[in-house]
Amino acid sequence: MGNNNRLKMTGRVLTLALSAVLGILPLGRVWAQESGLGNGAMASQPGQTAQDLTNLSLESLAGLNVVVTSSAKKAESLRDATSAIFVITQEDIQRSGALHLADLLRMVPGLLVSRVDGSQWAITARGFNSLYNNKMLVLVDGRSAYQTDFGGVNWDELDLMLGDIDRIEVIRGPGGTLWGSNAVNGIINIITKDSKISQGVYATSLTGSNGVDMAALRYGGKLGEDLFYRLYAKTEDQGPFQESDASNAQDNWTSQRAGFRMDWHPEKDDLTLEGDYQLGNIYVPGGDFNASTLQTVFGVDDTVDRDADILAHWTHHFSESSDAELLLYYDHIYLSVPTGQNTLLDTLDAELQNRFLLNDWNEVTWGLDVRNVSDDYNTPTSSYYNPEQASLSTYGAFLQDKLTLVPDRLYLTAGTKLENNPYTGYEWQPTGRLLWTPDKTNSLWAAVSRTVRVPSRSEDDVTFYLAAPVTTPSALYLALQGNPNLKVEDIVAYEAGYRTNLTPQLALDLAGFCDRYYSVITTGFTFFSYPNYPPTPQPINGNFLGLGQATNADGGVIYGAELSLKWDPLDSVQAALAYTYNGYDSTLNSVSNIFSGDPPPHNIVDGRLSWAVTPQLRLNTSLYWVDASFINDPMGQFNGVVQPYAVWDLGMTWKSGAGWEVSVWGQDLEGTHAEASSFLDDSQPVPAVYGQLTARY
Amino acid sequence: MSTLKTLGFLAVLGLTLWPGGHASRAQEVSEYTVKAAYLVNFVKFITWPDKVYDDDQGAIVIGILGDDPFGATLDDMVKGRFIEGHIVLVRRFASYDETQKGSLRKCHLLFIAYSEKDRLRDILKAVQGSPVLTVSEIERFPLAGGMIQFDQEGQRITLDINPAQAQKAGLTLSSKLLQIAKIYRTE
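Protein chains in written order, with this note's numbering: chain D, 1 to 697; chain G, 698 to 884.
Take the hints with a grain of salt, since some may be wrong.
Unchecked claim - Which stretches of chain D does chain G cover? Using the computed rule of at least three CB atoms under 8 angstroms from a CB of chain G, they are:
{"hint": "1", "segment": "55 to 64"}
{"hint": "2", "segment": "197 to 206"}
{"hint": "3", "segment": "319 to 333"}
Simulated from the structure, these hints should not be mistaken for laboratory data. We put the CB at the ideal spot given by N, CA and C, even for glycine.
Work out the full structure, taking the sequences as your base and the hints as a guide.
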């Protein structure tokens, strides 16, 4: 605990120091402008009418700072999408009170976002809710954040600087044809800003009553005619959540990150080079099995998480309808728990993609990719990997054709991916998608796809021991064992959607889906009483041994509908509603459990309202409500229900027009509640108030 | 308690250093106000070939094709004014499919909105050979055969220009315009 407090103090001092720097720098600039300038700066005096702008010289126009909305662009590009897609824009980010990237995702229809504890999120669409959601891909500028070791995403590692995010594109449903395996229930594409549009200084500092402190600084500059860069650094402390008995959940974390991005835009090419380094200190409730005492010591692991990545992306534009892309990246993850367990993961990835018009009615896209993951799990305590080190490669190719059946009216997209993975060999992931646009405002689409989820390294190779926290009737030991004979999870997804503008102010997007799981990887348990133990795993002198082994099982059906309504009744008011319904058949209950992921809650609602009271002052509020979620335990020990819960945020933002911005937010105002359930972890977020000061210039 | 203190400190810091009193600080303008101002300004820096404007009595016509992002801003800018001795009229076309191709060729300046992204090739083909200045915010517009693209650098709106395309259409662009733009040479 002492160590813990010291960390928090450092964060606080840093935050204050940055606030002070923040305060002083822009002021100096204001003075400079007032005393020195009579030229371009006068161009935009307050109270100036639009007509006056036409009298400006071209140079003055080119020098004006604009408030960029570009909402026209983003909205339009969605109209012809043949999948359930939702885009979070920078505007949406500014109007939400989200402190962390993961919390932004609540606004997306279909997404279940639950906070497991202070630093961990379970984020899922269309079923199988789990902290280790292995059925959804997350990409940052094309770099996969999906960890093939356990199958899932560590969201705390992705807590990027929100001001430098251009947009987050969320696709629900299968994307195997373009993105490869594990894109079963969706793809979350986090796209950071081109350094060309993130020039200048952006500095922000935030402090909250729940022990949140954050400070971030970015500087963007120009190196040459078409060559831009930015540098950033961010530090944050997140205070602990509460246990249900109001005690400290000890799940606080800190994170420091820094990085750069460079963009070069010669006439026919775009070249991006970016890199990040992140150091996280995460206090995660956990248990370590001691092989000599045969006890699991439950407690808080002070996990050190060091990540580094570097990425290069080159696009060459042959013409407006033809281009080629090359993506290369290297990603390094080092996780260390003080009691011994270390994980080392090195990923190297190369992807090539080419798009061209074959003729008037065929647009062809094809691509090749290869990825190698080298891992090392040394000094094991609870999880024993066999082998301890491995270097595993996946390679694939895809081909897709978009056919114009009736110009401007009817399109068919058909394609497939063929991928070779180290566990099950070759897998096909085909899709067929039909789009009908009867007029400018209506579009209908339907799709059928096969998609697969490849077993993770742990499902294949790990033996995990746990002395279960039950003593009646007698001590129970659990061993979870990987299975090298696993097949992929195999899903056929049927989808359809409709988009329209009911009025110029009211947009509707509706998607329906039915996912048939032909195979789900789940855990089957067999119980043994001592000494009639199986020969493997290594014998334990306990009373009972529950041996769980990963197996494939028929998975049943999940179906549902996702509705998004966006309504701008006035220029100053924007409202959004997302509603999700999920249903499933009884087969699902036998395979959807705490090991494979829980069945989805039946209803999820997210409502948002943003009101520009004056051009400077904006009020924002959001309410997210999740129906009861059921928890199935195949051993029958930990069955349960997460009660329905709501997350209510309310805030206001004041922009000075001079690049300054002050925000005050109330978060989780409806009160403390549990969002997920785990027998190790009873963490609940706490209502909080925070204030934020931001400067841009 | 210490968090409250920090909050208090931030509030005091914010208030003390607040630049609110300094009213003459540069104000930000909305993106589409600046883009509309550029459109009107182009009229001053472009020379069209001598051509009869029989139906509009010498007016300069700005066409907006697709979903109009400017709204009343553009109309307010040109209302009741002469620019380079011309009245400026704004014509709106809902979409390429619902528009007579001849009426596009009668525009002096055609802004192609993002909603027409997929019809870009057809639109440029339709106005090819006519002295129509094509302007858009669709990415890589100069590469696709367009003339001027609104681009963005930091918080500023910049121009990407393909002078060869303008020349082919018989338009002359002033050197002042070319000086502030990024030039694309595609031929």
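So, going through the hints one by one against the coordinates:
1. 55 to 64: holds (count 7)
2. 197 to 206: This one holds; 5 residues, not fewer than the three required, reach chain G with a Cβ under 8 angstroms.
3. 319 to 333: Coverage by chain G holds for the segment 319 to 333 of chain D (3 residues, Cβ < 8 angstroms).
The structure shown violates none of the earlier numbered hints.
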